[in-house]
Amino acid sequence: MLDAGPQPLVQVSDLKMYFPIHTGLLRKHTGDVKAVDGVSFSINQGETLGLVGESGCGKSTVGRALLRLYEPTAGKVVIDGQDVASLTPEALRQKRPTMQMVFQDPQASLNPRMTVADIIGEPLLEHANLDEQGRLRRIYELMDQVGLNRSFANRYPYAFSGGQRQRIGIARALALNPKFIVCDEPIAALDVSIQAQVVNLLEDLQTRLGLTYLFISHDLSMVRHIADRVAVMYLGRIAELSPRDALYARPLHPYAEALLSAVNEPDPNRARRQRIILKGDVPSPANPPKGCNFCTRCPKVFDLCRTIKPDLIQAEPGRFVACHLYSNTNAGPTGTQAPISDNQQGVSQ
Amino acid sequence: MTELKLARPRSQWADVWAQFRHHKGAMAALVLLIVLMVFVLIGPLVWRTDPNFIEPNTAKMFKLRNLGPSWAHPLGTDQLGRDMLARMMFGGRISLAVGAVAMMVALFIGTTIGVLAGYFRRLDSWLMRLTDLFLALPLLPLLLVMMFLFRDAISGVLGPRLGTFILIVTAIGVTSWMQAARVVRGEVLALKEREFVLAAKSIGTPARRIILRHILTNVLSPVLVAATLGIAAAIITESVLSFLGLGFPPDFPTWGRLLFDGIDSIRTYPERIVWPGIAISLTVLAVNYIGDGLRDALDPRIRGR
Chain A
1210 MLDAGPQPLV
1220 QVSDLKMYFP
1230 IHTGLLRKHT
1240 GDVKAVDGVS
1250 FSINQGETLG
1260 LVGESGCGKS
1270 TVGRALLRLY
1280 EPTAGKVVID
1290 GQDVASLTPE
1300 ALRQKRPTMQ
1310 MVFQDPQASL
1320 NPRMTVADII
1330 GEPLLEHANL
1340 DEQGRLRRIY
1350 ELMDQVGLNR
1360 SFANRYPYAF
1370 SGGQRQRIGI
1380 ARALALNPKF
1390 IVCDEPIAAL
1400 DVSIQAQVVN
1410 LLEDLQTRLG
1420 LTYLFISHDL
1430 SMVRHIADRV
1440 AVMYLGRIAE
1450 LSPRDALYAR
1460 PLHPYAEALL
1470 SAVNEPDPNR
1480 ARRQRIILKG
1490 DVPSPANPPK
1500 GCNFCTRCPK
1510 VFDLCRTIKP
1520 DLIQAEPGRF
1530 VACHLYSNTN
1540 AGPTGTQAPI
1550 SDNQQGVSQ
Chain B
2 MTELKLARPR
12 SQWADVWAQF
22 RHHKGAMAAL
32 VLLIVLMVFV
42 LIGPLVWRTD
52 PNFIEPNTAK
62 MFKLRNLGPS
72 WAHPLGTDQL
82 GRDMLARMMF
92 GGRISLAVGA
102 VAMMVALFIG
112 TTIGVLAGYF
122 RRLDSWLMRL
132 TDLFLALPLL
142 PLLLVMMFLF
152 RDAISGVLGP
162 RLGTFILIVT
172 AIGVTSWMQA
182 ARVVRGEVLA
192 LKEREFVLAA
202 KSIGTPARRI
212 ILRHILTNVL
222 SPVLVAATLG
232 IAAAIITESV
242 LSFLGLGFPP
252 DFPTWGRLLF
262 DGIDSIRTYP
272 ERIVWPGIAI
282 SLTVLAVNYI
292 GDGLRDALDP
302 RIRGR
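As given, the protein sequences belong to chains A and B, one line each in that order.
Sequential numbering of the first sequence, starting at 1210, is according to our numbering.
Sequential numbering of the second sequence, starting at 2, is according to our numbering.
Each hint should be verified, as a subset may be incorrect.
Said to hold, decoys possible - DSS-like, lysine-lysine: derived pairs with alpha carbons at most 30 angstroms apart:
1) A:Lys1285 <-> A:Lys1488
2) A:Lys1285 <-> B:Lys61
3) B:Lys61 <-> A:Lys1237
4) A:Lys1304 <-> B:Lys202
5) A:Lys1518 <-> A:Lys1499
6) A:Lys1285 <-> B:Lys202
7) A:Lys1304 <-> A:Lys1285
8) A:Lys1488 <-> A:Lys1225
9) A:Lys1488 <-> A:Lys1499
10) B:Lys202 <-> A:Lys1225
11) A:Lys1518 <-> A:Lys1488
12) B:Lys64 <-> A:Lys1304
13) B:Lys193 <-> A:Lys1388
14) A:Lys1304 <-> A:Lys1388
15) A:Lys1388 <-> B:Lys202
16) A:Lys1225 <-> B:Lys193
17) A:Lys1285 <-> A:Lys1225
18) A:Lys1499 <-> A:Lys1237
As the list claims (entries may be wrong) - Pulled from the structure, derived: some chain A residues nowhere near chain B, Cβ distances all over 10 angstroms:
19) Gln1254
20) Arg1305
21) Asp1314
22) Ser1318
23) Lys1388
24) Ile1435
25) Ala1495
26) Pro1498
27) Ile1522
Quick caveat, the hints were computed from the structure, so don't treat them as lab data.
Note that CB positions come from ideal geometry on N, CA and C, so glycine has one too.
With the sequences and hints as input, model every part of the structure.
So, in structure tokens, the structure goes:
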């Protein structure tokens, strides 16, 4: 995969994002919420990586740390040849046009006191050297691209429906011809009929403009529709990173298996999937378990899981799993084949 | 390529005005404020009596003292025989000017400190402790001490009228910005976590332009409310200072000074404090209602409903 496929556009290695906890009268630093704890993956040019997981597992934090909207605690984020995590503020500002974001809540991500033209024009005002005519032309072009009527340019966000607002947000993200877009649950706040429209628009733009997406979502069927590869996160770590079809057909990690068993099957004639009900709650990210993060709830847990954190290793060609069931030191009961101890892109964790 | 034009069917300010007109209270208040402005600005051009004219002939002067309303003196005369109508007109000029300018000074300081404290976490604790410090100071004694210490020095440089005006405006401004700062800080703290600020950051907008473009426009409503209340408070504070005899020079009428002069004879001639009292109350009321209407009109979410 290293030399065969296209060059990765985004390469994340060992990304950590800790939020400090201060307690007591003196606000002493007593611990960290480990929202993202050592995440590594890469996204190829033109590819869509889906990032799924339950609420609070750190999906959105990964997306925001990637664009350095948060200052990552540790790790490298190489986007298009430059390590975003270590750029100086001015270099980062110059870098911003290559990477953009579509936000979850289209209501909150648009300034209620700016017109649509002002919102879409803001990135142009900041980065593009255009006069008023040129800017207006580009704004109209973007509105055409995302399917917004040009006559809406002077209206305020409150006048639009959720789907239209998300289109405004997408147009703003596209304004500077980015290469990489983080879609942070762009459809979570929309109703189902509009979700399809927005996802189709995103796909359409990807084919036309050659965009690369990190598609963060908790909607597994939508991720199945849009993503090429899918990363399943649990408690700040990636549990499994596999090509879409392989993952949905046969998830390797017990958590991925449980998560996917929750997807509803629309066809009642098909055999109903065996649901795996997980017991207990997600441990606090401020105090994760000593061993594997999933060991407190895993149906296939054994001793090693409680002491050593499993690394993300290649279990099958192109499939990466962080689970002791697939590590060669201790092949578990359901280990299907001899795992290849090869960390993705040679990144050591 | 044809010339593109951003069709602006109606300008934003036309929308604001249309919404403002729907607010009956605000429109009534606007009319009232205009009447008051006409009274103090154009009135002296029509009613050409010198507010400080005291009859030099002592016998005549005594006859002119404490008169009730008449055609010669529609609001009567004061204890020195000066025409009350003219004094009300000239006093209003000063009171309204002090109110507006002191409010602007207070608002400028308050908004600046509030935005800086809310947006930059590092400055927050320092600026808020400073605000607490000012809130904890007993303001009236502080104002009195400031007036007492600096009035003569400034009057010597700038003349008694301008000097006192600037001193009063500054003194009121630097002692009444704290409420605005607190309100603005709270609002900014909430705003900067909103996703559109995050979106601006992801675009690469520098902090100063995020503040100007996204934060300030959205703290407009609380600032406007603070502004209208501020005008009222400034007029009243000036009245208090004049009332305590530490405001403008005694021969210089302001509404507060008129109250102060009238208080001695409140039992015999109550109308002499009623006129400035009504004028102050009406101004404060009008400004508050206008602020209310303006806040509604400036919010695009309320506008057009």
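Hints, one by one, checked against the model:
Taken as a hint, the lysine 1285 of chain A and lysine 1488 of chain A pair is broken in the structure, with Cα atoms around 35 angstroms apart against an allowance of 30 angstroms. Between lysine 1285 of chain A and lysine 61 of chain B the CA atoms are separated by roughly 93 angstroms; this puts the pair beyond 30 angstroms, and the hint is violated. Proximity of lysine 61 of chain B to lysine 1237 of chain A is assessed by CA-CA distance (about 80 angstroms); at most 30 angstroms being required, the pair is judged violated. About 12 angstroms separates the Cα atoms of lysine 1304 of chain A and lysine 202 of chain B, which keeps this hinted pair within 30 angstroms; it holds.
In summary, the hint linking lysine 1518 of chain A to lysine 1499 of chain A is supported, as the alpha carbons are separated by about 7 angstroms, within the 30 angstroms threshold. Of the pairs offered as hints, the one joining lysine 1285 of chain A and lysine 202 of chain B holds, with about 20 angstroms between alpha carbons and a cut-off of 30 angstroms not exceeded. Of the pairs offered as hints, the one joining lysine 1304 of chain A and lysine 1285 of chain A holds, with about 15 angstroms between alpha carbons and a cut-off of 30 angstroms not exceeded. With a C-alpha separation of about 28 angstroms, the suggested pairing of lysine 1488 of chain A with lysine 1225 of chain A holds against the 30 angstroms cut-off.
A hinted pair counts as satisfied when its Cα atoms are at most 30 angstroms apart, and lysine 1488 of chain A with lysine 1499 of chain A qualifies at roughly 19 angstroms. Proposed proximity of lysine 202 of chain B and lysine 1225 of chain A is supported: the alpha carbons are some 21 angstroms apart, at most 30 angstroms. With a CA separation close to 21 angstroms, the supplied pair lysine 1518 of chain A and lysine 1488 of chain A stays within the 30 angstroms bound. Restraint check for lysine 64 of chain B and lysine 1304 of chain A: not satisfied, since their Cα atoms lie roughly 84 angstroms apart, outside the 30 angstroms limit.
Distance restraint check for lysine 193 of chain B and lysine 1388 of chain A: the Cα-Cα separation of roughly 27 angstroms lies within the 30 angstroms cut-off, and the hinted pair is therefore satisfied. Our distance criterion of 30 angstroms between C-alpha atoms is met by lysine 1304 of chain A and lysine 1388 of chain A, whose separation comes to about 11 angstroms. Restraint check for lysine 1388 of chain A and lysine 202 of chain B: satisfied, since their Cα atoms lie roughly 18 angstroms apart, inside the 30 angstroms limit. Using a Cα cut-off of 30 angstroms, the hinted pair lysine 1225 of chain A and lysine 193 of chain B holds, with the two alpha carbons roughly 24 angstroms apart.
Restraint check: the Cα-Cα separation between lysine 1285 of chain A and lysine 1225 of chain A comes to about 9 angstroms, which is no more than 30 angstroms; the hinted pair holds. Of the supplied pair hints, the one linking lysine 1499 of chain A and lysine 1237 of chain A holds, its CA atoms being roughly 24 angstroms apart against a limit of 30 angstroms. The beta carbon of glutamine 1254 of chain A sits about 21 angstroms from the closest Cβ of chain B, which is more than 10 angstroms, so the claim that it is off the interface holds. At roughly 3 angstroms, the least C-beta separation between arginine 1305 of chain A and chain B is not larger than 10 angstroms, which violates its mark as non-interface.
Once the 10 angstroms rule is applied to beta carbons, aspartate 1314 of chain A is inconsistent with being away from chain B; the minimum gap is 6 angstroms. With a closest Cβ-Cβ approach of about 4 angstroms to chain B, serine 1318 of chain A is found to fall inside the 10 angstroms limit, against its non-interface label. Remark: the non-interface label on lysine 1388 of chain A is consistent with the geometry, its nearest Cβ contact in chain B lying 14 angstroms away (cut-off 10 angstroms). Distance to chain B confirms isoleucine 1435 of chain A as a non-interface residue, since its nearest Cβ pair spans about 21 angstroms, more than 10 angstroms.
No Cβ of chain B comes within 10 angstroms of the Cβ of alanine 1495 of chain A; the nearest lies about 21 angstroms off, and the non-interface call holds. With a closest Cβ-Cβ approach of about 31 angstroms to chain B, proline 1498 of chain A is found to remain outside the 10 angstroms limit, as its non-interface label requires. Distance check on isoleucine 1522 of chain A: its Cβ is at least 33 angstroms (rounded) from any Cβ of chain B, clearing the 10 angstroms threshold; non-interface status holds.
In summary, the numbered hints that this structure violates are 1, 2, 3, 12, 20, 21, 22.
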